Amino acid sequence: MSTFHTEEMTLNMGPQHPSTHGVLRFVVRADGEVMREAVPDVGYLHRSIEKIAEKVGYHGFMPYTDRVDYICAMFTNQGWGMACERLAGIEVPRRGEYCRVIAAEFNRIASHLLSVGTMGMDIGAMTPFTHALREREMINDLIEELCGARLTFNYMRIGGVAWDLPPGWREKALAYLDHFDPILDEYNSLISYNKIYIERLANVGVITPEEAIGYNLVGPNLRGSGIKWDIRKDIPYSVYPEFEFDVPVGKGEWGALGDSMDRYMVRIREMKESARILRQALTQIPPGPVLAKVPRNFKPPAGECQVRVESGRGDMGWYVVSDGTGYPWRVHVRTGSFAAMGIIQKLSKGLMIADLVTVIASLDVVAPEIDR
Amino acid sequence: MEPLAIYQRLKERFADRVVEISESKPDPFCVVDPAAIVEVARFMRDDPELAMDCLSNESGVDYKDRIEVVYHLFSYRLRHGAVLKVRLARDNPRVHTLEELWKSANWMEREIFDLLGVTFEGHSDLRRILMPEDWPGFPLRKDFVEPLEYHGISTVRESPIIRLDTKKK
Chain A
1023 MSTFHTEEMT LNMGPQHPST HGVLRFVVRA DGEVMREAVP DVGYLHRSIE
1073 KIAEKVGYHG FMPYTDRVDY ICAMFTNQGW GMACERLAGI EVPRRGEYCR
1123 VIAAEFNRIA SHLLSVGTMG MDIGAMTPFT HALREREMIN DLIEELCGAR
1173 LTFNYMRIGG VAWDLPPGWR EKALAYLDHF DPILDEYNSL ISYNKIYIER
1223 LANVGVITPE EAIGYNLVGP NLRGSGIKWD IRKDIPYSVY PEFEFDVPVG
1273 KGEWGALGDS MDRYMVRIRE MKESARILRQ ALTQIPPGPV LAKVPRNFKP
1323 PAGECQVRVE SGRGDMGWYV VSDGTGYPWR VHVRTGSFAA MGIIQKLSKG
1373 LMIADLVTVI ASLDVVAPEI DR
Chain B
11 MEPLAIYQRL KERFADRVVE ISESKPDPFC VVDPAAIVEV ARFMRDDPEL
61 AMDCLSNESG VDYKDRIEVV YHLFSYRLRH GAVLKVRLAR DNPRVHTLEE
111 LWKSANWMER EIFDLLGVTF EGHSDLRRIL MPEDWPGFPL RKDFVEPLEY
161 HGISTVRESP IIRLDTKKK
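Sequence order for the protein chains is A and B. My numbering puts the first residue of the first sequence at 1023, with every later residue one more than the last. My numbering puts the first residue of the second sequence at 11, with every later residue one more than the last.
These aren't lab readings, by the way, just hints derived from the structure by calculation. Note that the structure is a prediction, hence the values are computed from the model and not measured. Every clue listed holds true.
Taking lysine-lysine pairs in the PhoX-like style, the calculated list, with each CA pair at most 20 Å apart, reads: (1) A:1294 to A:1255; (2) A:1273 to A:1250; (3) A:1321 to B:35; (4) B:152 to A:1077; (5) B:95 to B:74; (6) A:1294 to A:1194; (7) A:1077 to B:74; (8) B:113 to A:1371; (9) A:1250 to A:1294; (10) B:21 to B:95; (11) B:113 to B:95; (12) B:152 to B:74; (13) B:152 to B:95; (14) B:35 to B:95; (15) A:1273 to A:1294; (16) B:74 to A:1073; (17) A:1321 to A:1073; (18) A:1273 to A:1217; (19) A:1368 to B:113; (20) B:152 to A:1073; (21) A:1321 to A:1077.
I would like the entire structure built from these sequences, with the hints used as guidance.
Here it is, written out as structure tokens:
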């Protein structure tokens, strides 16, 4: 009997592939269904945002930050605002900080809903996606009422936020939270505890805690590997120390610690915590101004700083160098997706091709955030 | 440990290979000799009192007379961070890679190579990452002039809006 003959083939996946969450390309070397290696090829969405920053000035750059990560635009706004405030030593009014936290946490829920929804869709479960998007649309409506935009918000300013909460908005937001809490349980019973779903996610794309730190994974991807680390808790910023919330971590409940299921469940549980923060923020919000007095011709003193915010995709680092003029000398954004893409080549070895899709979705990679 | 205490510890250990300790606000930093960066970084990672287990950010800055590579190190265990810099000659910036110490350096160094033209010696896969393979020049350098077209595709829009880079600062 002759031995079974196999041959290595090179496959191209993307850049316009429905499951790659934007414009990503992989060059896959596979033997049948098993991958030898998947080499990511990024850059299709490079818009030179860091170069633009050097040319438009501090205030003018705020709308561009939305485009760094349009799923989580509140956090990119906040990161840029915080970096400028730190350079110039500006104090944000307390109500402004509360508005930021409220907008950002709603954005986090929206971002995680999209992430867990597309996770199901990538694996082949279409219905959960529509459920998640239904909830996300309601958040979009709320945020639209707040700042006039549904995706690229441009809500924050250096020194605070652009607009106060509109009249009656607080009640609407609280009513939404009442509606949202049972929805999560419904969502969980719809998909999270489905046996087929767990089989597809558990033990796939396992990242050990050491690897997660070595590759600089951040946010839910880091916490999925069991590391209890959240910038909101551990390097507190804004008014987060005033709220009570937990940091969910992966425990390897369904398979190995740090598998795709762990990362997925961290996101589900984080939505609950975000809702908790929102309830506290909406009831505790103090009166007062929302925007500090910042000169229109904003010129922070020469110096450099790095600020870190906990975005939906984790610790987002803004490194800003000022030379004392009205234009930043250098801006660099270190994003969670960039780091997450770096580990895919290593994770892909020995995986099935179908599991590559699972891994990308479980790392919650957003293409514009990689390329900037 | 506070950043300045960390830099002081480096100064004691490495003497004149630590070129400068700047107390600039808001973030102080420490400049080291490019030839010693691997040694310093390895010390910072392995020393139990520093234990920098994560290279949180690596970026490059063009200062017109030199190029600086900036390393933001962070310790999850001890919850402190530090900023290291190396200053490189602008005409042929070269520094050894930190890939063997922290895996995350691989992609971040590719990005610096791509956008600022810094060569990382010993890097396993030094290719362009964001720009096309055949793109001329390094876009984040201050003297970079955008080509008017790329493979017959115009980079200039027919628009009354003044191009941003021709506007006077």
